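Line by line, the protein sequences give chains A and B. For the first sequence, the working numbering begins at 3 and goes up steadily by one. For the second sequence, the working numbering begins at 2 and goes up steadily by one.
Check before you lean on any hint, since a few could be wrong.
[Said to hold, decoys possible] For the chain B half of the interface with chain A, some residues (derived, Cβ under 8 Å), not all of them:
id : residue
1  : M729
2  : P731
3  : L732
[Stated by the list, open to error] Which chain A residues stay away from chain B? Per the calculated CB distances, all over 12 Å, these:
id : residue
4  : R86
5  : A367
6  : V413
7  : A485
It is worth saying that the hints were derived from the structure and are not from the lab. Quick caveat, the model's predicted, so the values are computed rather than measured. Ideal Cβ placement from N, Cα and C applies to all residues, glycine included.
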Amino acid sequence: MSTSTDPRLRPPTWDAARAPHPVLVRGLVCALVPLAVSYFAWLLAPERVGQPVLYGLLVAAELFNAIQALGFWWTCAGERRRPRARWAGPSAAVDVLVPVYGEPVAVVEPTIAAAVRLRGADVRVHLLDDGGSEAMRELAERHGAEYIRRDTRSGAKAGNLNHALARTDAPFVAVLDCDHVPDPRLLEATLGYLADPRAAFAQAPQYYANHAAGEIPAAAWSQQALFFGPIARGKDGHDAMFCCGTNVVFRRTALEDVGGFPQDSVTEDFELSIRLHEAGWTSHYVPEVLASGLGPEDMASYVSQQQRWARGCLGAIPAVLGSSLPLRLKLQYALSASYFLSGWTVLIYMSFPVVRLLTGSQPLAAVSADQFLGHFVPYFGLALVAVMAFGRGAYSFRALALQAASFWIHVQATLFVLARRRGSFVVTPKEGARERQPRAVAPALAALAVLLGVALLGLVRGHDPATLNNVAFAALHICVLTAGVLPALRRAPVPAAAPQVAPARRAREPVTA
Amino acid sequence: MTATEGRTPTRPQPERPTHRRPADPPPRQPDPRAVLPTTPAGVRRLAAEQLGVAAGQLGAGVGNLVFALVAARVLAPGAFADLAAFLALYLLIHVPAASLSAGSAMAPELAAAARRRALAAGGAVGGALVVLSVPLAALLHVPVGILLAAAVAAPTAGLIALERGRLYGLQRHRRAVASLLAEPAVRLAIGVALAALAGPVGGALAVVAAGWAALLVALPRDRDESRAAGNGASPAAANGASPAVPHPRSPTGVAVAAFLLLALVQNQDVLLANAVLDPVEAGRFAVLSTLGGVAAFASTTVPLMLLPRGGRDALRAALGVAALLGVGALAVVAISPGALVELVFGARYAPVGAIAVPYVLAMALLGVARVLVAHLCVARPPRATLALLGATAAGHVALVLAIGHDAAGVATATLAATVTLTAGAAALTLHGTPAATRAAARALAALRRPDIAALIAITAGGGVLRMLATRGIWLDEATSIHQAQMSIGALLDSLRTTDVHPPLHHLALWLTVRVFGTGELAVRVPSLIAATALIPVIYLAGRDIYDRRAGLAAAGLTAVAPFPVWYAQEARMYALFMLFAALAVWMQIRVLRDGGGRNWLGYVLAAAALVYTQYFGILFVGVQQLGFLVALWRVRHEPDELRPLGLAWIGWSLFFILLVVPLMGFAQAQFAANEAAGKGFEQVPSQAGGTVGEIAGRPPGAYAALTNAVWAVLGYHSNATMTALAAMWPLLLLLALGMLGRGRSWRTLLLAACAVVPAIVLFGLGQMKPLVFEVRYFVGAVPLVLLLIGRALTSWTLRAGATVAVCCVAALALAIGEADQQFNGSNPRVYDFKGAVHSIERRARPGDLLVFTPSYLDHVVAYYRDGSDVSMRPLSNGLPRLARGQRVFLLASFLDKPQFRQSTQAAVRRLDARYRLVNAEKRPQIRTWEFSR
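So here's chain A without its partners, still in its complex pose:
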């Protein structure tokens, strides 16, 4: 059951195709590169070395961020405006697969109801229930969809999909997460791209229709919007768009060519994309909101989602590096996968004022603020301008703050990957908890406490410019972390636009393996 207050049933408020003028993008990139070079030429000069270990950490963090930034600019500059592709052949048969695992019926029903109304193809909707729910069976029957249930639940979502693939036969397969209500135009808008026999899949954006429901979904959506905006369009320009698990239409033969969805990864979509590209298949991104879904509504859900993505992507780095992908594609995958190391840089940056105020050691030596600002500010400032311009304001401060406060997730995921500890696939909860969730941000709170204590200690010890400068750095991190953790420390308001259903299960605390 759904109600008219379900945000997924409202028209989207975001335009995935809205891009800055290519001249602006390329102009900014042309200006940014020399500024970055200038900054690193200055930073890497031998006389800058202060405390060697700290200096090494600083350089590593800065180089990592610079590589990420260069990758971002390169990706965005590669955007190509292509005409929309339309399916010109006879009506194609499409199996629409909707995997579920314990989600509330109220969340799934709008998806199934919309899926059976998809236009532009001979549609067969399959509800793949790993939860073994009779209510789901009734739901499928109610809407004329086929109900598929497995005896075993191996391989999580990937296993469920592979199970369904074996029981269906349409040449095209659409995958929808159970909370993503498709637009009737989904197949009309995507099948055209699969007219190219080399095309393996066409991916549409993952739009969080509940982004106005609270601070967490707003911040999470802000991160998503940057990805499904300039980055996804740019990846498409580089023919490097990867599958994102939902709102995607596959060619069955392509899936079969790589043996279906990989079941040994928590990010089966990412690994699948690598295999498809490695096998010579191509991919497409359709910059049009064709399905409206629900993003994480509370901190625990967000952390859970980020943990899965981080572990999956970091775990895929060896596969990326060892793949036979063309260099361009390999770089694109490496950039995406290594993004989940960025939490380390936050940790490093936060540690500098702490170390300086406690021990007096600092990474840079013989550096006046004038010199540092003269080289760093133009690079940093224009990089921020680029983020604003490329994303057209989509990426917000709270998205950044949430990302910074989640630094520990990346650290944890790295350690788990290095320790080869396998994680389990955790479905992102579709409904937010209303209570406070300090446990979900406990590491960030600890960092906050350290920074605060050290800053106060610094102020007590002295007011010389160097101390004040480091106190200010600590204050900067304190402000960012506070903005990031604050939503977890407040009771979330009851969203007026949420599906009016009883919760089928409680939101989970983050996976700690």
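Given the coordinates of chain A, work out where chain B should sit on it, guided by the hints.
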């Protein structure tokens, strides 16, 4: 020529009075439908008529002046003095009579009715003069013939007034002009010869004959005219229009009384000055009064022509002509008042030039007030008008007695009286009109709105803060004040050859100095007004661009922000710079949003004023022009929008260029002069206090940029405070990160671009010319930044309480910055020249010496040394040799600059070796030593 004679050509010519008889018909208000034009063309025709008659009046005045000047050369000094005494007596009889023209102008029939009585009254006065001629001649030390000539002239006084008033009433303007011109014509035709043949009595008789000739020209010529006048047939009646309904409470007697009181306000200052001032000052004021009479005399006929017409269009035409004549007179005098006075009255009266402009302004205002009073006589109940005039006249006397200690004091009293009179008359004129009623209703309604009430409170608070936050005059201000005391020509020449700034602020200061003098507060009036006006302007801009909350928050921040307060108390152009920058950007946003000629005009005028205020204003205008180009580019595929915007942009840009073209030659001359002198921007110590982020002479770095940014928002502080604040730069990263995801409206982008790009350009230029990167040169960014902060604070959260709290915290931070800026003696921008020089003056005795360094302190030292017996000279002229008991005071500043520090140390060592050190003082940025032999 006596002072009184000097007034002859510039005071209104006597118009003959009459007395209202009970049977006199009351004044009429002609039917507007019959006699009043209701179109712009009609207003122009009326104005042309007014100007024609005013030209006749002016011609008559010039003719009479020429006669007086020729007579002065024809007659021996003593004989001319006798003739001058006659002219004074002639005025004494005719000036009161002039007010009676108002009666016959309103009711031409009065001329015929009162003719005999006026003749009888004049005859009586003449007879009395004849009888008393011998004793009066002995008393006044003039020949008896002079008094007899005056007796013969007396009967004409009332008659001429009546007949000329009648001619105005009947709209026989040519005859009126002929009568006016007849007097100088006859004076010149026979007066010069008679004076040469018969001495002063001959000249006096010629003046009498001229009066009679003027009367003959003005008298009715035929029966019809006589009947028309006698029957009260105005042209309206003659044209068959319905008879005018006289205003029951506006009789001719009121007009006569009103004009009599106006004559009193116009002339009583001379009489009072003679009574209360010493002869030298009285003579000076007489000269001043003569000059001022130019403006009043030129517009004498304007209200008289208005009286028979009434109506809004006639009032507009009359006001326009009176204002034009007044401004013309003001412009003539203002070009070079000192030189004018010296040329006309001799070098001994040259000091009068300093106060000539305000006095001429007073008389010009009186000309306007007369028009308003004439209108009130016709259109309003008389009580308020007469009460206003009576109160003004009485107040004028009281003021002269209270502050009239010298010629300037009397002039100030007259200016105050005429300003009051003009404002009061304007208020009475507007009172009760539909437009005024609507405006009053709107104002009252606006006052009831919380945001407007809050704005008024904020503006008042900001104004008080700006008034209270005073400090002494500093170097640049003293230079500006020195320049502003020059004649306008000399000022412009000085700017062109020795300065680097455009002239707008200097011209405002020039005017201010003439009106208010050179006191600390007086010279800062333009800055105070601009910096206070900035508060409501920012509110209006914020409300218009964003919403009321943003406007109110930005206005609140502007009220306490350190820079607007600081530059409100500096007699330089920076407060105007801020105001015009805010106006220009606001107007541009209106243009881009709404279009419209008014917005374009507002933008172009503000942008031009910006450039005329500070050359670096062109950077703001440049960014704005880029904004227009971007706007055009964005609509390049939409012809319906592109074409009108493009055409308007081209047209108004051409207008802007036309406005600034005169400045280009000026700037080119300045550049050439400075290059020739090898100074450029290096001539002024503009980087005072800039040592935190800068090492003098080096190109600015990032830290200097940071320091300037902190100054712009948090104000000037001690070096220690600035170092601490600058060290907190990582918090700016937070600010930058906070901008992520914020709204990116084109308005905000334009505001931000106008705030940031000029500073970036100057930073770039600073790599070649380090001194150009100075916050003062892009201070126009400050109100824009405050506006953006106001917007950011009010859009951060939707919770009202949180918004108020955040705004209060921001305002508190700015207020703390303001307090530290103002009261922290370590602020390197505070120069206590005032305290230093006053301290020296307290200790010094006549004959002592004040030596100062650097040499460019001359103006500021002279400013505070004014009136002292201590002589001063720069250290560069060498150290003095003291006589026994004599003392020398050494005053030094800019000691952070090595060359001045070294020369000062050397001078102190030498003085210490020769003389005894009596005292040494340290004040903010100033050091003084006192040596005695």
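Structure versus earlier hints, numbers of those that do not hold, lowest first: 7
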